[in-house]
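Following the hints, put chain D in place on chain V, whose structure we already have.
Line by line, the protein sequences are chains V and D.
Going left to right, the first sequence walks through residues 1 to 529 as UniProt numbering numbers them.
Going left to right, the second sequence walks through residues 1 to 529 as UniProt numbering numbers them.
It cannot be assumed that every hint is accurate.
Heads up, the list lumps identical chains together, so a pair's fine if it works in one copy or across two of them.
Stated by the list, open to error - Okay, derived cross-link-like pairs now, DSBU-like style, lysine-lysine, Cα gap no bigger than 35 Å in a straight line:
hint	residue 1	residue 2
1	Lys-234	Lys-484
2	Lys-147	Lys-463
3	Lys-528	Lys-456
4	Lys-51	Lys-355
5	Lys-463	Lys-179
6	Lys-234	Lys-378
7	Lys-234	Lys-463
8	Lys-355	Lys-234
9	Lys-456	Lys-234
10	Lys-234	Lys-528
11	Lys-179	Lys-98
12	Lys-179	Lys-348
13	Lys-355	Lys-179
14	Lys-368	Lys-463
15	Lys-355	Lys-368
16	Lys-456	Lys-48
17	Lys-348	Lys-368
18	Lys-460	Lys-234
19	Lys-234	Lys-147
20	Lys-378	Lys-442
Honestly, the hints are just simulated from the structure, not real lab data.
In this text, all values refer to a predicted model and were calculated from it rather than measured experimentally.
2 protein chains.
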Amino acid sequence: MAESRATSRLSAILSHLPFVSAAPSAIEVAVAELQAAFPAEQLSLDVKTLKRFGQSWGSFSPPAPAAIVVHAESTADVVKVVNIAVKHRITLIPVAGKTSLEGQFLPPSCCNPPSADTRLPSGKLNEEEQTVATRPTIQLSLARMDKIIAVHAQDGQAVVQPGVGWQSLNEELAELGHKLFFPIDPAPGAQFGGMVGVGGSGTNAVGYGTMRAEWIQGMEVVLMNGEVINTRGKGRSRKSSTGWDTGRLFLGSEGTLGIITSLTVRLAPLIPLKAALTSFPSVASAVSAVVEIIGAGLSPTSLELLDGTSIRGMNLAELLPYKLEEEPTVMMRFSSPLEEVVNVALDKVKEIVAKNGGRPLRVARDDKESTKIWGARKAQYWSQQLLIGEGCRTLLTDICVPISRLAEFVERSELDVAQSGLLAPIVAHIGDGNVHRAILYKLKEGEVEAPPEVAKLASKLSKLAIELEGTCAGEHGIGTTKRKYLREELGAGTLNLMRRIKAELDPLGLLNPGKVIYETLEEEEESKT
Amino acid sequence: MAESRATSRLSAILSHLPFVSAAPSAIEVAVAELQAAFPAEQLSLDVKTLKRFGQSWGSFSPPAPAAIVVHAESTADVVKVVNIAVKHRITLIPVAGKTSLEGQFLPPSCCNPPSADTRLPSGKLNEEEQTVATRPTIQLSLARMDKIIAVHAQDGQAVVQPGVGWQSLNEELAELGHKLFFPIDPAPGAQFGGMVGVGGSGTNAVGYGTMRAEWIQGMEVVLMNGEVINTRGKGRSRKSSTGWDTGRLFLGSEGTLGIITSLTVRLAPLIPLKAALTSFPSVASAVSAVVEIIGAGLSPTSLELLDGTSIRGMNLAELLPYKLEEEPTVMMRFSSPLEEVVNVALDKVKEIVAKNGGRPLRVARDDKESTKIWGARKAQYWSQQLLIGEGCRTLLTDICVPISRLAEFVERSELDVAQSGLLAPIVAHIGDGNVHRAILYKLKEGEVEAPPEVAKLASKLSKLAIELEGTCAGEHGIGTTKRKYLREELGAGTLNLMRRIKAELDPLGLLNPGKVIYETLEEEEESKT
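Bound conformation, chain V alone (with noise of 0.2 Å):
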């Protein structure tokens, strides 16, 4: 019966899709064979749920529709799935939080090279049924497996699912009356397989550095040939010296290499956090000051940096109960079991501050107000939204450059965005030099694509960053939107070793094919015309 249903939905959508005249049958059949080998309840194949996993978070493209949705609950229906998409030759796309910016996880379109980038706005928001066309795909999500297996709490550990959330596991950890955390803090929402898959980071990178780091110890992988391999088999002390470890290949992998199926991650005590900021006369004076905090050894956490306009948006939107001064403004976190030893650190920084020519020092007074400066800095990013009223719309973009590199990034960006006549609110991970800047625009009446200067600003940028001995991707990865500066950035010789361990560890490029790097040559050279 539930099957039934299932199968007219799936005609439905079958012929809903424009693939479907190009090679019908080998999805036909691998969807018959997941239905066979899968309860309904974990299959989706209704339109609804099909758009919602085609579409990105930020993204106003139309929704890019998978054929069909499994949602796996174990490593061994992971195994099951793989085994069909091989079999049939069918794309497959692991996928967890759906929080990823850069159109990771969604299915590729059906032409090659793909018309537009899935990313950028193509304004086609209002015509709710429209789709764009895709290449028959199965995304594989892992949102059910979200169990915390174990907690090892005198070795600061956790062995988690792919579908746990860094703040579902700290709340787990809170509950269960563990003191410690897992310290990296990318989008509410973010699950850890594809925090693994992105390989970014957050606001505690300066402290805790990025996903890159030593946080993730090991890992189970389902790889294309069905095997299930855990990257440091039975081990999980802290430190090993097994030969390269290959669990670093999945790290930053966008789900094309293999799918993640557990991992153990490394946490940390947890200890409050003492929040604190104050605003400069320019962004170079902020950087210098920064630098200086950094390279006293006083370990701060966190040190961002919010330019003039985004104050301004702040602000607007009443984030805190006072009004901050609408210029470059830094606000940090310092972190310590003992109060006094935050004091102490923010003495220095004070000096520090002052000898930049910042404004004193305002230093949250308990942690209360700790948090309600932080949560500030997390809401940044709906209020400026306000800059430019109802309708606003976001491209955000992630560069990251040296630090010593990070106020002439600014200045000269400031000219690429005064040129485009936008609005671009700088948010920046300031320690890191990790830059995001905010380009708000809106569709004007009747208008369907958003305004060229928004993707010709971004490209600029990510240009910039790359002059400046930066990068084009600090942390939300590539996924679709970055893959033309790749070449340019890593070299060629680099790309293609990349190139070939895709080829190695997929080589039938099923799995989230054209994520990262695009999936032939010939893809990449077209995509430049």
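Frame of chain V; chain D shown alone:
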């Protein structure tokens, strides 16, 4: 003139080595091509040098000489050597500081499987002319590539060649007046090429992580196809999320996947360290105190354990001006730019120590005493020789377990040690769970092989570590001596993935073959018997 001398020296070597009759032509031609391509001062063909490069630090086996050592002075030199080795199918082994312990840079034995563990003492020390028969091999020394190419002080980065040592980098930084240092402190004399190759650590891993953290940001690598890549391209931003980081493949690869010719390393602010020490009634109570110190977020830099036997050696050597109690002793370091901060943390440590039954904490009164204490810790390795007197030899083991299993490891291995009749004092990076037992022994008059109990005890320790969810190699790598444990520890799937990556990067199997993983599955199988 120089050439003819070199050629006659070559003939002398060749006549000396047992491989000549097997396949003289390929190596002879390769050596001749190297002589044509390099000035004589970049080539070593003399028996003394070949023997020196054919023996590992702490190894008592007869030397395993290569046919030639090439001293590279540039990336172009490395490319030339790679191309000649590939053209003539000659085994090629990169080597830097020669401080590795597991046979990492030794030429492979001419026979497969190797007749004996290359590191375990065969005791044939006194027959000076005797060597182990080796496969025709080029050793490529990177030790002359010892330039610090750039220091980016504001960014906390240096660009170094692989022959730069961590100590010489730190000395140079101090001379240049930078308040920065590279915090990972493996063996004295270790150079960056090998440090990346082994992926180890040292006494500072509690505070700074290991070589596998984010200390190595980009690497220039020569691949076996002669390509020179830079794993981060032109970028040197602190963070990057541009796909999987190919540089991670070379970390821990022990020179088997590519040859590193320059590295961008991250530096830490140089801040004062304060040392303290105390002892406990048992290893279990020491572990309990250490877990509490870490869990409280007191951010120690180092947490080291020495057992009563190790302390006895230190006392005998008078490494400190006072005698220490011969019981499990924890030596620790805390760092901060602000002395008050360290003092506040140490007050808390004193409480934790007392609570766990430790003796009153002895805190260094000044920098000089801190340096003295840490110097004693570092000299401990030598002092233990006094425990059994002249002729003492050491097999240094290197297991790592989750800290929650450390007391159990020590307790159970104590029984193995007792059973062996040997002395095996402990020095452990206790904060990481990394335990070195130094197995001490002597050769009896007329004996040429180490007592069989030595190898037997080492093997028991490795197996016990794996049983306790640990690893056979905490920081010294695998080389040839630990390969036999990898299948049990990492599992067949992970080992197979390593093998596939090796085959992709070095399809001819010429680059440091048989290190980390066996050259063939057959060889692995035979090694069991």
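Okay, the hints, checked on the actual structure:
1. Lys-234 with Lys-484: between (40 Å within a copy, 16 Å between copies)
2. Lys-147 with Lys-463: between (41 Å within a copy, 31 Å between copies)
3. Lys-528 with Lys-456: Within one copy only: 14 Å inside, 62 Å across.
4. Lys-51 with Lys-355: neither (54 Å within a copy, 59 Å between copies)
5. Lys-463 with Lys-179: Intra 43 Å, inter 33 Å, cutoff 35 Å: inter-copy only.
6. Lys-234 with Lys-378: The answer is between: 32 Å across copies meets 35 Å, while 38 Å in one copy does not.
7. Lys-234 with Lys-463: between (44 Å within a copy, 12 Å between copies)
8. Lys-355 with Lys-234: between (53 Å within a copy, 34 Å between copies)
9. Lys-456 with Lys-234: between (49 Å within a copy, 23 Å between copies)
10. Lys-234 with Lys-528: between (46 Å within a copy, 20 Å between copies)
11. Lys-179 with Lys-98: Within one copy only: 29 Å inside a chain, 43 Å across chains, cut-off 35 Å.
12. Lys-179 with Lys-348: both (28 Å within a copy, 17 Å between copies)
13. Lys-355 with Lys-179: between (37 Å within a copy, 19 Å between copies)
14. Lys-368 with Lys-463: neither (41 Å within a copy, 50 Å between copies)
15. Lys-355 with Lys-368: The answer is both: 29 Å in one copy and 32 Å across copies each meet 35 Å.
16. Lys-456 with Lys-48: within (33 Å within a copy, 64 Å between copies)
17. Lys-348 with Lys-368: Both ways: Lys-348 and Lys-368 sit 23 Å apart in one copy and 25 Å across, limit 35 Å.
18. Lys-460 with Lys-234: between (47 Å within a copy, 17 Å between copies)
19. Lys-234 with Lys-147: For Lys-234 and Lys-147, the Cα distance is within 35 Å only inside one copy (19 Å; across copies 41 Å).
20. Lys-378 with Lys-442: within (23 Å within a copy, 64 Å between copies)
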